[in-house]
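Listed below are the residues making up each chain.
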Amino acid sequence: MVRRRIDVAKRANLIIGAALVGTVALAALLSFMWLPTDPLKMNFASQLKPPSGGFPLGTDHFGRDLLSRVLVGARSTLYVGFIAVGIALTAGSLLGALAGFLGGVVDEVIMRLIDVAYAFPAILMAMLLAAVYKPGTLTAMVAIGIASVPIFARIARSSVLSLKEREYVEAGRALGVRSGRLLLRHILPGAMGPLIVQASLSLAVAILAEAALSFLGLGTPPDVPSWGNMLREAQGFMAMSPYPALVPGVAIVWTVLGWSLLGDGLRDLWDPRG
Amino acid sequence: MLAFTVRRFFTAVLSVWLASLVVFSAIIAVPGDPAEIILGLNSSAEARAALRTKLGLDVPAPRRYVAWLGNVLRGDFGESLNYQQPVGRLIKDRFKVSVPLALGAALVATLLAIPLGIVAAMRRGTFVDPLVMTLSQVGAAIPSFWLGLIFILYFSVRLRLFPAGGFTPFDTDPVKWFRSLVLPVVALGLGQAAVMMRMTRAAMLEVLSQDFVRTARAKGVGTRSVVLKHALRNAMVTIITILGLSLTNVFIGSIIVEQVFALPGLGRLALTAIGTRDFPLLQGEILVYAATIVFLGFVVDLSYGLLDPRIRYS
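Quick mapping for you: the protein sequence lines, in order, are chains A and B.
Take the position in the first sequence, starting the count at 1, then add 350; the result is the number in our numbering.
Take the position in the second sequence, starting the count at 1, then add 266; the result is the number in our numbering.
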């Protein structure tokens, strides 16, 4: 009975997470095909309006439709999140797998570099990149990606350390399979489960980081609607209308909650002891 | 313990040194002439040459790095191009804002998260556990800067209880200092509390399921004593790690919250440095942030080496 209750709770994480993430993905897809109005179109007769028939979520200080902007914002947010986590997943898995597989000096060097990356959270990295290049979507993606590399590297390393001692790997070696092929074709796929779970959890972090960077003016440029820069713009007008700050904020919480619940649900499925 | 401390110390020093290389390399990575980027296209050739000399750009990079690192080790981070003041002094001044903000937020997070995490673990199977966990899950998804905006909307604009922004130094007026920090501290601390709550609960559940706890219970030790004397002490290793992580998170999180509440701290100083391409200031600031993160990690390592002999001998 208790076990069944726990199972339902675990599945609930997965189902609620998938539903939340699914709605955001649908919103982002929908924004390519249909939008209530042009998200960039200013309408000075309708500034800071509360929700109404014409503007279901209200308008901002330029009279722009908040629903259209939040839909387009879903696009920017998912785009930055996916690319950043893709960078981290690819680089982190490869570095961690190499460290775990080769061991010795290579392991030591890679893990020291990973320690250094821990000292540069996404915001610091983005600040450094923004000063060197120009603040923007690319620097934000790269900064969030680099800052997320260590967690993937550590997971990949520990999985590879345990997998490389398995009998099927020994058998592969005895059959003369080359190390590179052994690692990429036989060991790394076995480590993918925990990495995919981490990817979902990291997407939650990446979306928060993207919003924070855009809020600081270090992420998505102001001419492209993103939830972070919608909040940045809303800051000065909150006393007149709360909606420009509430709408993107709720969208961020919704999406971050979705990815973290989905990650938790996947982890429970992957490792029922957890 | 000495060998463990020395090993961890050298790892930390190595990390800070590598971080200094990354920070220093930033100015080398600037595409084009940094002096032209800083001063603008319309600047005169003489002004650009003078700035290049001031930044040491006419000296080979390795020599420049050695000189810069030597100065940094003596506490000299160079001079800010924008403020025309020593970077070290600017950073020290801003610490007066950022440190109380980060420590206050870590305190709020700890005071909320540890008791609630323990209660959730002890009340597993009742409505309390899922309630605390849901709060924690939602809380962790709320960005501190959005929470800050909502606080301003409600507590400053509507109720007029706290200032919407700005900072009063402690020496000027302690009461105003406190009032200027309440909202940012709570906005920053609540999100961190949510993360810490989950971790504390997990650490307590892990310990509560161990044999020695069952033995203590079987011997008739009261619940309060089991939790406070036996379980909590053993969960401390994890909780200390969480505290270390949370200090790092709030220190970094303060960059954004300072922006929301217009607090003149390190974060705002760094953003100004980016806007004005003030490389010496930005390099100094980022190195201080990175070194602080490494130092906090080192302190956490030491403290759990002290708490758990298995770690220091491994």
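Hint data in this document are derived by calculation from the structure and do not stem from the laboratory.
Be careful, since some hints might not be right.
Said to hold, decoys possible - Heads up, incomplete: computed chain B residues facing chain A, CB under 10 Å, no partners named:
| hint | residue |
| --- | --- |
| 1 | Ala406 |
| 2 | Ala407 |
| 3 | Ser410 |
| 4 | Leu413 |
| 5 | Leu419 |
| 6 | Thr558 |
Yeah, the Cβ is synthetic: ideal placement off N, Cα and C, and Gly gets one too.
Go through the hint on Ser410 (chain B) and say holds or violated, using the shortest Cβ distance to chain A against 10 Å. 8 Å, holds
Evaluation of the interface hint that places Ala407 (chain B) against chain A, nearest CB under 10 Å: Hint holds; Ala407 (chain B) Cβ to chain A Cβ min 4 Å, cut 10 Å.
Min Cβ distance, Ala406 (chain B) to chain A: is it shorter than 10 Å? 7 Å, holds
May I ask you to test the interface hint for Leu413 (chain B) with respect to chain A, counting a Cβ-Cβ separation under 10 Å as satisfied? 9 Å, holds
Does Thr558 (chain B) hold up as a contact with chain A if the rule is Cβ-Cβ below 10 Å? This interface hint holds because 9 Å falls under the 10 Å limit.
Would you check whether Leu419 (chain B) satisfies its interface hint, that is, whether its CB is within less than 10 Å of any CB in chain A? 5 Å, holds
Against the hints set out earlier in the document, no violation occurs for any number.
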